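Protein sequences appear in the order of chains P and W. Residues 1 to 319 (the UniProt record's numbering) make up the first sequence, in order. Residues 1 to 273 (the UniProt record's numbering) make up the second sequence, in order.
Note that these hints are calculated values from the structure, not bench results. Heads up, some of the hints might be wrong.
Below, in silico cross-link-like pairs of lysine-lysine (DSSO-like), each with a Cα-Cα straight-line distance of 27 Å or less [what the hints assert, rightly or not]: (1) LYS216(W) with LYS117(W); (2) LYS10(W) with LYS124(P); (3) LYS23(P) with LYS66(W); (4) LYS10(W) with LYS120(P); (5) LYS66(W) with LYS216(W); (6) LYS120(P) with LYS212(P); (7) LYS24(P) with LYS216(W); (8) LYS224(P) with LYS120(P); (9) LYS212(P) with LYS224(P); (10) LYS116(P) with LYS224(P); (11) LYS216(W) with LYS124(P); (12) LYS10(W) with LYS116(P); (13) LYS224(P) with LYS66(W); (14) LYS216(W) with LYS61(W); (15) LYS117(W) with LYS81(P); (16) LYS212(P) with LYS183(W); (17) LYS212(P) with LYS116(P).
Because the structure is a prediction, the values reported are computed rather than measured.
Read off the chains here:
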Amino acid sequence: MAVLQKETEPKLKVPKQKRINWKKQLVHLFLLPALVLFIWFQLYPILSAFLNSFYSFQGMRRGEFVGLDNFVLLFTESPFKETFSRAFGHNLIFFVGTIIFKMAVAFLLALLINSKIRGKEFFKTVIFLPKLLSVIVVGFLFSLILNPTYGALNTILQFIGLEEWARPWLGDPDTALYTIILVNSWYGLGFSMLIFLAGLQAIPQEIYDAAKMDGASGLTMLLKITIPLAMPAIMVMSILTFIGAFETFELIFAMQGSQAGPYYSTDVLATYFYRLAFGSVDGGESIGLGSALAVVLFLMISSATAVLLFFFKKKEFEQ
Amino acid sequence: MAGRIGQFAKYLILSLVSLSILYPFFLMISSSLKSNVEILTSPLGLPSNFSLENYVLVWEKVSFGKYVWNSIYVSGLSVILILFVSSLAAFYLSRFTFRWNAYILFFFMVGLMLPMKLAILPLYMIMLQLNLLDTLTSLVVLYVAGGIPFAVFVFYGFFRTLPTELDQSARLDGCNNFQVYYKIILPLMKPALGTVAIVQLIGVWNDFFYPLIFLKSEELSTIPLGVLTLFGEYDTEWNLLFASLTISSLPMIIAFLFASRQFIEGLTSGAIK
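Full structure from sequences and hints, please.
Given below as structure tokens:
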């Protein structure tokens, strides 16, 4: 193993030549397919999306340059500004709700699995299972389970004598968003737990032994040792949760459609974007608006990612 | 005594969570074996008799078989192309010292975090111009392009741990660059190929967004899009709906049960993405 870890300094020097040796140039064919595909179908579309936000649109065709008009329309004109702030609020609720229902529970589970316990592998495997499903499958499966008349959940509630708790979970504007957050937490719980578990397993046992010798209680060790030392994993998960919350689309689309019902009570920025981009028949100004919204979302997500990367870099230097 | 109660509480919590994770799976699979009437009258019980009739119905009547083949075609082709194209690129970036290599690597790393959903309008226009709207090729192209950054990231990291002596001696034996890649490197990188293949396979197999945007013809649907169609057309025949959900999920679940360690390692190594 030690041999494999050795630095690999001696790389091939490519001799400089005056005359182009075509056979030597063939080596660039190794890079070319990946580079072309990446630029054509990743970088260019992203840059193009930015550019589009400064233009008006006739249908799918780019019209004249309008500067920041699309952004002004998005943020100051009715009904766009109301829709934006409502959707943004829902994204924030989604983020906070996922922190509580997914991250907190996942952290607790990681603590349990990291302690002296049998069947670690079994619990890890089971809790991770939902991550293998398509989000659309998760959404549809739960829309059947949560169906007010025939769904399993309300039947179970009746069965255990809690029929007053039974309600149309997805049909009531007061509960719909929270229900979807819970379903999303069901889906992502195992993944978060594994990230936390990796963080916990990196904490050396000696620290706990030393603390025990000093007579520290379990709670003190949790607050003074475990949580501070698991902070990198907690940070990473928080930012990933933030990105996920602001990108969330499929689950809401599956459970509530692109209109994000009932009465837009589950409408988030991505479903709003989808309606602007593909919802209207004539296109018209909405393509420009959609592009502007995409840019706003992009900036929010990429600034969170930048924080994440900065954090990773800092960690590397510290090691 | 307190330790015993604590230990009991741990198992209780873990069991309750596991139960709430597993129950929806159980419900999905057991309902897929029931008749529609039985689902609606006794949703919680086990199926009264074991019958695969719903699967036969879904496979033939709703042409779910076609969706499955489309999914296999798209995810198989995409994963193979991602592995091929990205391993070539990572080989180039790690084994040659061209002065632009560092920039290109950085370029690819930027790609790790591009939220491509937001570029869906330009992508739509590109596919319109290329005359690829409503083709499976459009999906394959997008999955391959989208998979490259992560794959290059993993492969490049792998090559850095691989000594160059092997390639050099192969070169002395007269191998050209492609032979070094094909005969020496490729066989050694099986673990890295496996990690990337698993991550990309799950991503492509389960993706719903690109098919939703780029496919119009029903006969080209991949499984997730087919499920959407099914839920629109047969929304009262829950036996068919549950069977279709089971068909979509079982392949990945079975693969996971056979190689759960690789799955977990692969997917958590992709945490940055």
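Check your understanding: What hints, given by number in increasing order, does this structure fail?
Key -> 3, 7, 11, 13, 16
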